[in-house]
Amino acid sequence: MSTRRSGAFVGLALCAVTGVARAQLAEVQAGNAPLASTDPEATSVRYWERGRKRVFVAATLELGVPYLRLQLATGKGRPHYSWLGLEGNTGVSTGSFGQFLGLRGTLPWATLRGGVRYQAAFQRSVLPIQESYTRTDLDTPIGDPWQYFVLEGEATATAHLPVGDLTGVVSGHYLTLVPERDTYIFEESLKVVAAPPWLWRARGSYSYSFGRDNGGRLGAAGEVIGIPGRDDLVVRAGMFASVAIDNHLEVVATLMPVWYSPDSLGLLGADFGQLGIRLRYATDENQP
Amino acid sequence: MRPGSGEQRASRPWCNLPGLLTARAQLPKSRAARLLIALALLLACAPARAQEAPRVEWKPYWREFGWEDYVLTSVSSLVIVGTQLIPEDRDRWQPYGFGFDEAARDALRLESEHGELYARDTSDVLMMLSVAYPFLVDSLSVAWWHHGNEQVAREIGLISAETLAVTSAVQSIVSGVTSRERPYGRRCGEDLSDETLYCKERNRYRSFFSGHTSISFASAATLCVHHQHIPLYGGGSGEQFACALGFVNAAAVGLLRVAGDRHYLSDVLVGAGIGTLTGLTVPWFLHYRPSRSRGFPADLSLRVSPLPGGLSVGGDF
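Going down the list, the protein sequences come from chains D and X. Numbering of the first sequence is given in our numbering, commencing with residue 1111 and proceeding in unit increments. Numbering of the second sequence is given in our numbering, commencing with residue 104 and proceeding in unit increments.
Chain D on its own, in the form it takes in the complex (with noise of 0.2 Å):
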């Protein structure tokens, strides 16, 4: 390339740098687009890492598309971000009621947590044992609405890249006192047919943080479920989202079909379980 062409193009590639950068500085100036905060207060995602140390009840409650769910917990350490103490989980949706006791410690680049779960339908009984399920077969009850308990516990890890996060769950799941012997249940939390009484999921994901005080975030998230009652996986993999609004408030979206499964249960089968805001406070807040 001549000398004289590639100053052409450097003067043009400067010319588009210096054009961008005062396009963004109008915008600012006309009120259009918002310049990253330069208040660490007001950093929305690193609020709750900024939190004091103390004894604290926090609660989270999540509202969707359709659900509602509302944790509560009582602990020591920075609330949301770093703690250890006893946490409660309240979840109601179409299809059944749920109830979680447990304990939970957490670091910034781990968590783990235990308990017991209770778990009741609405409308869906116990299965018949056979190969594969439809959703036909999830909606035509054989019995009274099924309830149970669930011993769980959970580890999940993060690490912090120079580009994204990348985390990885692993759960175990103990059903225990289903109403009938020789029965398989669909277990509403990880949407799967069951064959009591173990479980297990491994989960990955990977998000990226984006715009206003880094606050939005996009990821590509992938699991397994085992069942080893019916020598059998269930494969999602899909996309998540969020943006948090403010130090409080956050807008979630999930969406994880399934890819592999040995029932047709369409949606239903799917992790579409976050499709709304979530809202999180705590006592003694810095700006509550």
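Please keep in mind that the hints were generated in silico from the structure rather than gathered at the bench. A portion of the hints provided could be inaccurate.
As the list claims (entries may be wrong) - Pairwise CB distance ranges, derived in the manner of DEER restraints:
#, chain 1, residue 1, chain 2, residue 2, range
1, X, L380, D, T1204, 23 to 31 Å
2, D, W1369, X, E167, 44 to 52 Å
3, D, Q1233, X, D294, 46 to 54 Å
4, X, V174, D, A1169, 23 to 31 Å
Here a beta-carbon is modelled for each residue, glycine too, at the ideal position from N, C-alpha and C.
Using the hints provided, position chain X relative to the given structure of chain D.
Structure of chain X alone, referenced to chain D:
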């Protein structure tokens, strides 16, 4: 500085493109050099274009969401709950459908259980997206998070909720009173077991008109009204694209309800009409309708300027 004003042109004389075009003698003769200069000018003048983009703001002459709207939304929500108590009457709507309903059912319905299931699920997901979009994307993510305008975010969210509540209330009353059986109902006891939840539920007799369709169309129409008045995506074709996409999504929901054997075509068409009507009228009539009592400028001006080969008509209002 007013967008496009003489003050702005004075501060960026190089952005006066018509002026530059007439000063041809000053430009270099080389075509490449001219192209380079033209591209550079285009990029360097981007600020001027960006600055001319309209602001995301709630105009003082639009009515804010007030106590009357809270009452309307609450009453509508109570109506939705209350109408669930209307008992079904299996004989109220006979026969099943209009003439074209049967033809449309035969043409659009997916015969396989698998296909029907996916049509139904997809319509559920698309409807959920259309409900969630004005709240999660336009209100919270775009208006509040991106533009940092909490007031616009609040108004968009509340007005959308009001419109959807009114639409759902109308749909609940009509579907409860008319008690039309859904198309799959005639298959209960035949290829569908009478014991399935679909056959046992009261919802089986709430076919007219389609709630999914009316909600999706109402959401799309409300989205259009918001984007017509507030330049959430910069005021350009993005606003029109969002509006069009909302209606494409709503139309897909309607077609999938027929394909999934949940509704007749007449349910969907009436749902689309009523949803569009409420989606356009509720936000406009209650909120965006300009009012002089709230400071809408009463003075109008009209300018007629001669142009080579014609006239230019413009005005301020």
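Each hint, compared with the structure:
1. At about 29 Å, the beta-carbon gap between L380 of chain X and T1204 of chain D stays in the expected band of 23 to 31 Å.
2. Separated by about 47 Å at the C-beta atoms, W1369 of chain D and E167 of chain X satisfy the suggested range of 44 to 52 Å.
3. At roughly 21 Å, the beta carbons of Q1233 of chain D and D294 of chain X sit outside the given window of 46 to 54 Å.
4. The hint said 23 to 31 Å for the Cβ distance between V174 of chain X and A1169 of chain D, and at roughly 29 Å that hint holds.
Violated hints amount to a single one, hint 3; each of the other numbered hints is respected by the structure.
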